[in-house]
Amino acid sequence: MRSTLKYGIITGAVVGIFAISFFSIVNCVNNSEGWGIQAANIRGISGLLTILIQATGIYVAMQAIKKQQNNSLTYGQALKTGILIAVLTAVITALFSFIYCEFINPGYAQYMVAEAQKVMIAKGETQQQIITDSAAVRKEFSTGAQIGESLVGQFFVGTVISLIMGLFIKTKK
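If you use this note's numbering, the sequence shown corresponds to residues 1 to 173, in order.
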């Protein structure tokens, strides 16, 4: 259990740091080099890459538990390990989201709205559509929504990864 906690904390911290760093750095370079990638797409790519990090953390934790138990791991033990990693990653990532939105980049939601509005204008949306759509974007990128997305997303994805990965890592009889 202790080593699972360790792997969960490490995985959560790496996911949180990566998500913040990747978005900040790629978005900054995107703006300075004029790549033209929408900020929401950069955010989406960052989220997809965190899935790989979380999967790696779950895999390493399952293998470590298996090794600690003389190369023996039931599906239930694998699942328990993976879900604990998912829970810890979700909580830690949510904490990183809060810190980022409230302290590191308190203008994050407004920035994402402004970026979305540029796209809306380019698409030729009416002023009323822009107002309506901007409210939805503001809500989507609010601190609360970012925390909720981290909690639900990381937990759900981690659980699915655990369900599948456990089938392959469990000890075959």
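Simulated from the structure, these hints should not be mistaken for laboratory data. There may be inaccurate statements among the hints.
[To be verified] Derived SDA-like pairs (lysine to any residue); straight-line CA-CA distance at most 25 Å:
#1 LYS118 - ILE25
#2 LYS123 - GLN110
#3 LYS172 - SER72
#4 LYS172 - ILE25
#5 LYS6 - GLN110
#6 LYS118 - ALA136
#7 LYS67 - THR159
#8 LYS6 - ILE42
#9 LYS123 - ASN27
#10 LYS139 - ALA64
#11 LYS66 - LEU163
#12 LYS6 - ALA136
[Unchecked claim] The calculated label-pair distances, taken between Cβ atoms and stated as ranges, are:
#13 GLY148 - SER72: 34 to 44 Å
#14 LYS123 - LYS172: 46 to 56 Å
#15 LYS123 - VAL29: 21 to 31 Å
#16 ASN71 - CYS28: 22 to 32 Å
#17 GLN117 - TYR75: 42 to 52 Å
#18 ILE104 - PHE168: 36 to 46 Å
#19 TYR111 - SER72: 49 to 59 Å
#20 LYS139 - ARG2: 37 to 47 Å
#21 TYR75 - GLN127: 28 to 38 Å
#22 LYS172 - ARG2: 20 to 30 Å
#23 GLU33 - ASN71: 27 to 37 Å
Ideal placement from N, C-alpha and C gives every residue a C-beta, glycine not left out.
Each hint, compared with the structure:
1. LYS118 - ILE25: 21 Å, holds
2. LYS123 - GLN110: 20 Å, holds
3. LYS172 - SER72: Holds, because 9 Å separates the two Cα atoms, which is no more than 25 Å.
4. LYS172 - ILE25: 44 Å, violated
5. LYS6 - GLN110: Measuring from Cα to Cα gives roughly 36 Å; hence the hint is violated.
6. LYS118 - ALA136: 15 Å, holds
7. LYS67 - THR159: 22 Å, holds
8. LYS6 - ILE42: 30 Å, violated
9. LYS123 - ASN27: 22 Å, holds
10. LYS139 - ALA64: Violated, at roughly 41 Å.
11. LYS66 - LEU163: 16 Å, holds
12. LYS6 - ALA136: Violated. LYS6 to ALA136 sits at ~38 Å, over the 25 Å cutoff.
13. GLY148 - SER72: 34 to 44 Å: 38 Å, holds
14. LYS123 - LYS172: 46 to 56 Å: 53 Å, holds
15. LYS123 - VAL29: 21 to 31 Å: The hinted range 21 to 31 Å holds for LYS123 and VAL29, with Cβ atoms some 25 Å apart.
16. ASN71 - CYS28: 22 to 32 Å: 46 Å, violated
17. GLN117 - TYR75: 42 to 52 Å: 49 Å, holds
18. ILE104 - PHE168: 36 to 46 Å: The hint (36 to 46 Å, Cβ to Cβ) holds, given that ILE104 and PHE168 are roughly 38 Å apart.
19. TYR111 - SER72: 49 to 59 Å: About 50 Å separates the Cβ atoms of TYR111 and SER72, which means 49 to 59 Å holds.
20. LYS139 - ARG2: 37 to 47 Å: Holds - the Cβ-Cβ distance for LYS139 and ARG2, about 40 Å, lies within 37 to 47 Å.
21. TYR75 - GLN127: 28 to 38 Å: 56 Å, violated
22. LYS172 - ARG2: 20 to 30 Å: 27 Å, holds
23. GLU33 - ASN71: 27 to 37 Å: The hinted range 27 to 37 Å is violated for GLU33 and ASN71, with Cβ atoms some 49 Å apart.
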